[in-house]
Amino acid sequence: MTESCREWRGDLAAFAIDRLEPNQRLALQAHLDGCADCRTELAGLRAVAKALPEADGSHLEAPSDPPAALGDKILGVLAWERAGEHKRRRRHLSVVVGTAVAAVAAAIGLLVLGASLHATDHNARHVAFSVEPRGVAASAVLHRREYGTNVSLKVAGLHEGGEWYWLWLTGDNGKRVGAGSFQANGGEASVQMTSALPLSATRRVWVTDDKNRVVLDTGWAPELAPRPAS
Amino acid sequence: MGTDTRAALASDDGVRTVYAAHGSELYRFALRSLGDAGLAEEAVQETFLRAWQAAERFDETLGSLRTWLFAIVRNVVIDLSRARAVRPELASIVSQTNTTDAPGADDIDRILVAWQVEEALRMIGEEHRVAIVEVHYKGRSYGDVAVDLGVPVGTVKSRVFYALKAMRLALEELGWSGDD
Numbered sequence: 001m002t003e004s005c006r007e008w009r010g011d012l013a014a015f016a017i018d019r020l021e022p023n024q025r026l027a028l029q030a031h032l033d034g035c036a037d038c039r040t041e042l043a044g045l046r047a048v049a050k051a052l053p054e055a056d057g058s059h060l061e062a063p064s065d066p067p068a069a070l071g072d073k074i075l076g077v078l079a080w081e082r083a084g085e086h087k088r089r090r091r092h093l094s095v096v097v098g099t100a101v102a103a104v105a106a107a108i109g110l111l112v113l114g115a116s117l118h119a120t121d122h123n124a125r126h127v128a129f130s131v132e133p134r135g136v137a138a139s140a141v142l143h144r145r146e147y148g149t150n151v152s153l154k155v156a157g158l159h160e161g162g163e164w165y166w167l168w169l170t171g172d173n174g175k176r177v178g179a180g181s182f183q184a185n186g187g188e189a190s191v192q193m194t195s196a197l198p199l200s201a202t203r204r205v206w207v208t209d210d211k212n213r214v215v216l217d218t219g220w221a222p223e224l225a226p227r228p229a230s
Numbered sequence: 001m002g003t004d005t006r007a008a009l010a011s012d013d014g015v016r017t018v019y020a021a022h023g024s025e026l027y028r029f030a031l032r033s034l035g036d037a038g039l040a041e042e043a044v045q046e047t048f049l050r051a052w053q054a055a056e057r058f059d060e061t062l063g064s065l066r067t068w069l070f071a072i073v074r075n076v077v078i079d080l081s082r083a084r085a086v087r088p089e090l091a092s093i094v095s096q097t098n099t100t101d102a103p104g105a106d107d108i109d110r111i112l113v114a115w116q117v118e119e120a121l122r123m124i125g126e127e128h129r130v131a132i133v134e135v136h137y138k139g140r141s142y143g144d145v146a147v148d149l150g151v152p153v154g155t156v157k158s159r160v161f162y163a164l165k166a167m168r169l170a171l172e173e174l175g176w177s178g179d180d
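In order, the protein sequence lines correspond to chains H and P.
Residue 103 in my numbering sits at position 103 of the first sequence, and the numbers go up by one each step.
Residue 25 in my numbering sits at position 25 of the second sequence, and the numbers go up by one each step.
Check the hints yourself; a few may be wrong.
[What the hints assert, rightly or not] Some chain P residues well away from chain H (every beta-carbon gap over 12 Å; in silico):
hint, residue
1, ARG57
2, GLY63
3, ALA71
4, LEU121
5, GLY125
6, HIS136
7, ASP148
[Stated by the list, open to error] Here are the simulated lysine-lysine pairs, DSBU-like style, with alpha carbons at most 30 Å apart:
hint, chain 1, residue 1, chain 2, residue 2
8, H, LYS211, H, LYS175
9, H, LYS211, P, LYS138
10, H, LYS50, P, LYS165
11, P, LYS138, P, LYS165
12, H, LYS154, H, LYS211
[Stated by the list, open to error] Which stretches of chain P does chain H cover? Using the computed rule of at least three CB atoms under 8 Å from a CB of chain H, they are:
hint, stretch
13, 19-25
14, 35-45
15, 159-170
Please keep in mind that the hints were generated in silico from the structure rather than gathered at the bench.
Backbone N, C-alpha and C fix where the C-beta goes; we use that ideal spot for every residue, glycine too.
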């Protein structure tokens, strides 16, 4: 690009956004015919100019900031996921060790531990689905978390095509809150999902498929909220 | 590489850093696409979750973390749009639910470009933004804008030029691929 090209910059931009007067356009075209650098510059400007009409002028001002609590909520979700991954790794390890060393003893130990946790965990509720398609078996446990509710969902017998499903919680005000989506590879899924809805306000747990049909549903269940610890 | 991203998302400080850098723009894109603050919040949350789950597959030689996060949020937005479009509350009653209102990938891509242009306009300098908004979006003549701003016409033309140049850089930073 030569020093004289600088003089053409304004006209290049005006040409790119189609605002150059016809007589100026002729002069610019004459320069472009002999200047590869300016032709390249114009191509770059035109690419941006082509995208300009996509923007909506009403969105240019006052950008929306996310809620202040969103960052902490994400931290909570990932912390829970990280903890879940550790648990899964520990569970896998315990199965391997238990099989090799003392399967029966390990199984008894796990049963005792599981029973103990179930009896003392007042921040969790087991969920039974009143709506389940034939051949589908599902269970879920809701856990109270600082950021809302964690749902441990296990389901089998769904379509084996790897379809997507969405898990929803409905609050005591009737408003639904999403807990995310999951894919049932081989018709099965064992997932940890989260919703911002507090467990104390949760009254319904339900799953929809990609055609938005309800697949699993507890129905309206006031007893979902955990009883206070005694 | 993926390991670094996984490591970044493995600690609270790392998540805070990634969220501080990209959380707001992800939220604004989701809000722009979905038109619902609650769903936008859900979309960002789901984006970070999927990013954490897939962090091993992130390859910074193929694109920036921002570009990767935007590829994820784009898919999340499509999922949420489809879920919302079919009105799940009614689906169990109305079996012949119309699903044609769900925006497709092309619609979301157009919204993504729109958002990128708007975000790029916010990112460039005030003088350049005013010049391009007045001349292009408001359709005013260079002369009128020059009079309003108290500068020569050549200065307005120059500002529009630099506005487009700065926008190109901003758009590329936002993962725009407008030369396709």
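We went through each hint and held it up to the structure:
no.: 1; hint: ARG57; result: holds (16 Å)
no.: 2; hint: GLY63; result: holds (19 Å)
no.: 3; hint: ALA71; result: holds (17 Å)
no.: 4; hint: LEU121; result: violated (6 Å)
no.: 5; hint: GLY125; result: holds (14 Å)
no.: 6; hint: HIS136; result: violated (5 Å)
no.: 7; hint: ASP148; result: holds (16 Å)
no.: 8; hint: LYS211/H - LYS175/H; result: holds (21 Å)
no.: 9; hint: LYS211/H - LYS138/P; result: violated (43 Å)
no.: 10; hint: LYS50/H - LYS165/P; result: holds (13 Å)
no.: 11; hint: LYS138/P - LYS165/P; result: holds (20 Å)
no.: 12; hint: LYS154/H - LYS211/H; result: holds (21 Å)
no.: 13; hint: 19-25; result: holds (count 4)
no.: 14; hint: 35-45; result: holds (count 8)
no.: 15; hint: 159-170; result: holds (count 7)
When each numbered hint is compared with the structure, violations occur for hints 4, 6, 9.
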